[in-house]
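K.L.:
Chain by chain, the residues run as shown.
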Amino acid sequence: MDTTNVITIPHSDKEPRKWKFSELLADREVHLRWEKVRKYFFLRESTYDMTNLCNIRCDGCYYYEGEKQFARGNENPEAWRKLMREEKARGITYVVLAGAEPSMVSELLEVCYREMPLGCIASNGFKRIPETVGYKIHISVWGNDETSLRVRRAKNLLLKQIDNYRGDDRAVFVYTFTRENIEEIYEVMDSIVTHECKITFNVFSSPVGYAGSLRHTRDSLDRTRDVMLDLLARYPGHVLFSPYNVVAHTHQYGLHTLYGCSYPRKNPSTDIGLGRSFRQYRADLSWDRDVACCVPDTDCDECRHYASGSAVVTARLYRHVTDPDTFKSWLDYVDTYLAVWVKGYEKDDHLCRTMITPPYHTN
Amino acid sequence: MGGGFLMPVGTDNKALIIRIAEIIISELKLEDITAETFDPDLDLVDELGVDSMDLATVVLVLQDEYGITIDEDDYPKLRNVRMIAEYIEHKRTV
Numbered sequence: 001m002d003t004t005n006v007i008t009i010p011h012s013d014k015e016p017r018k019w020k021f022s023e024l025l026a027d028r029e030v031h032l033r034w035e036k037v038r039k040y041f042f043l044r045e046s047t048y049d050m051t052n053l054c055n056i057r058c059d060g061c062y063y064y065e066g067e068k069q070f071a072r073g074n075e076n077p078e079a080w081r082k083l084m085r086e087e088k089a090r091g092i093t094y095v096v097l098a099g100a101e102p103s104m105v106s107e108l109l110e111v112c113y114r115e116m117p118l119g120c121i122a123s124n125g126f127k128r129i130p131e132t133v134g135y136k137i138h139i140s141v142w143g144n145d146e147t148s149l150r151v152r153r154a155k156n157l158l159l160k161q162i163d164n165y166r167g168d169d170r171a172v173f174v175y176t177f178t179r180e181n182i183e184e185i186y187e188v189m190d191s192i193v194t195h196e197c198k199i200t201f202n203v204f205s206s207p208v209g210y211a212g213s214l215r216h217t218r219d220s221l222d223r224t225r226d227v228m229l230d231l232l233a234r235y236p237g238h239v240l241f242s243p244y245n246v247v248a249h250t251h252q253y254g255l256h257t258l259y260g261c262s263y264p265r266k267n268p269s270t271d272i273g274l275g276r277s278f279r280q281y282r283a284d285l286s287w288d289r290d291v292a293c294c295v296p297d298t299d300c301d302e303c304r305h306y307a308s309g310s311a312v313v314t315a316r317l318y319r320h321v322t323d324p325d326t327f328k329s330w331l332d333y334v335d336t337y338l339a340v341w342v343k344g345y346e347k348d349d350h351l352c353r354t355m356i357t358p359p360y361h362t363n
Numbered sequence: 001m002g003g004g005f006l007m008p009v010g011t012d013n014k015a016l017i018i019r020i021a022e023i024i025i026s027e028l029k030l031e032d033i034t035a036e037t038f039d040p041d042l043d044l045v046d047e048l049g050v051d052s053m054d055l056a057t058v059v060l061v062l063q064d065e066y067g068i069t070i071d072e073d074d075y076p077k078l079r080n081v082r083m084i085a086e087y088i089e090h091k092r093t094v
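First to last, the protein sequences are chains A and B.
So the first sequence is numbered by this note's numbering: it starts at 1 and just counts up by one.
So the second sequence is numbered by this note's numbering: it starts at 1 and just counts up by one.
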């Protein structure tokens, strides 16, 4: 396994130098990256379950956990148009359209896109979403075709997904590492690379009460880390990830423990940020602050979701302004997040290839 | 300045208020407003639409400029330029 371009440095007991923000920005490369990513600080997200319909049924699906699955779908385009206008009025600039399967209601997607031009759709990729919907599209992959057939009851799913989205700059394939499919990624990568697609990584995060075989262990997280680093080294042109993404999402502690989740479900503050503005709308357009986060019904202690990290790690700018490598790692993370979530945004090379320790965490 | 954290900022702090306004205008790239016309009581979140990333950026620049540390937990106290000035005054005197 070739991970030679990623170096792990041992923890040092020396008193760290205190860096000023301006000193960190004095590095031209860092300064340019900072200016590049800060242009997107205006993004303010909320998420929307578009329908309770789906064309496949997967083991461990987050949508069919908890109460939200019982919301009666609102398929009235005018209701969605009105909602989008209201969302814009309260400062939302980015929408994540999800559950159960948004491609089942493409007319509603078009309505949303016409009102709110920045956003992303989480889809299983089985049915192509029309080009007139110019959002990013995240296509979920849960293993090779054999696993997809077993877990998702969908035959030749990857082939179908690639057929639908090959050469489509909206599309990012999202491979979810479970405890059982870690090595299968290599087979998937062959297809992704052959068809010139882009991929990013997610880590299975158990729904509340889930005790099934997909749940990660310390050992499976370590193996996932090794595989991610290997793929990052082998396929830099196809993998949208960074060494710090690997650190954050395969750490023995989940994102909430490491960074403190800023979504309302775990964040009582309504002063500023996600705690103030984020809502998670169900298919009937209702919302409930107490359960609002990017993937509701996830066990927060187990949460390593790529979607969660995109907000939670990114929001902790302050904690990462400590030394050059930590700040560079944060910039790499944000650069990756934007490339995954914003259409037309291109990721640059990593600024930091060192595996840093997440700030405020010494284990 | 002998005022505590919650005391009103005196006229001798006008320069501080102006400088904070300059930093906010510069960092948030605000147009059609000058430091002199910036209302120090304008609510940065409710009225100016500042979000957490904007505020974090301003905080980092203020830390550099005034040699203080602003804890993340204190962000909600920084609601307007006047409160930021009071906060900085307090930090510099303790």
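What the hints contain is simulated information worked out from the structure, not anything from laboratory work.
Even for Gly, the Cβ is constructed at its ideal location relative to N, Cα and C.
A few of these clues could be false.
Below, computed lysine to any residue pairings styled on SDA-like, alpha-carbon distance capped at 25 angstroms [claimed, not checked]:
| id | chain 1 | residue 1 | chain 2 | residue 2 |
| --- | --- | --- | --- | --- |
| 1 | A | Lys39 | B | Glu31 |
| 2 | B | Lys29 | B | Lys77 |
| 3 | A | Lys88 | B | Asp64 |
Every beta carbon over 12 angstroms from chain A, so not counted as near; a handful from chain B, in silico [to be verified]:
| id | residue |
| --- | --- |
| 4 | Thr34 |
| 5 | Asp39 |
| 6 | Asp71 |
K.L.:
Confirm or reject each hint.
P.N.:
Quick rundown of the hints versus the structure:
1. A:Lys39 - B:Glu31: holds (16 angstroms)
2. B:Lys29 - B:Lys77: holds (22 angstroms)
3. A:Lys88 - B:Asp64: violated (35 angstroms)
4. Thr34: Check passes; 22 angstroms lies beyond 12 angstroms.
5. Asp39: holds (19 angstroms)
6. Asp71: Its Cβ does come within 12 angstroms of chain A, the nearest being 9 angstroms, so this is violated.
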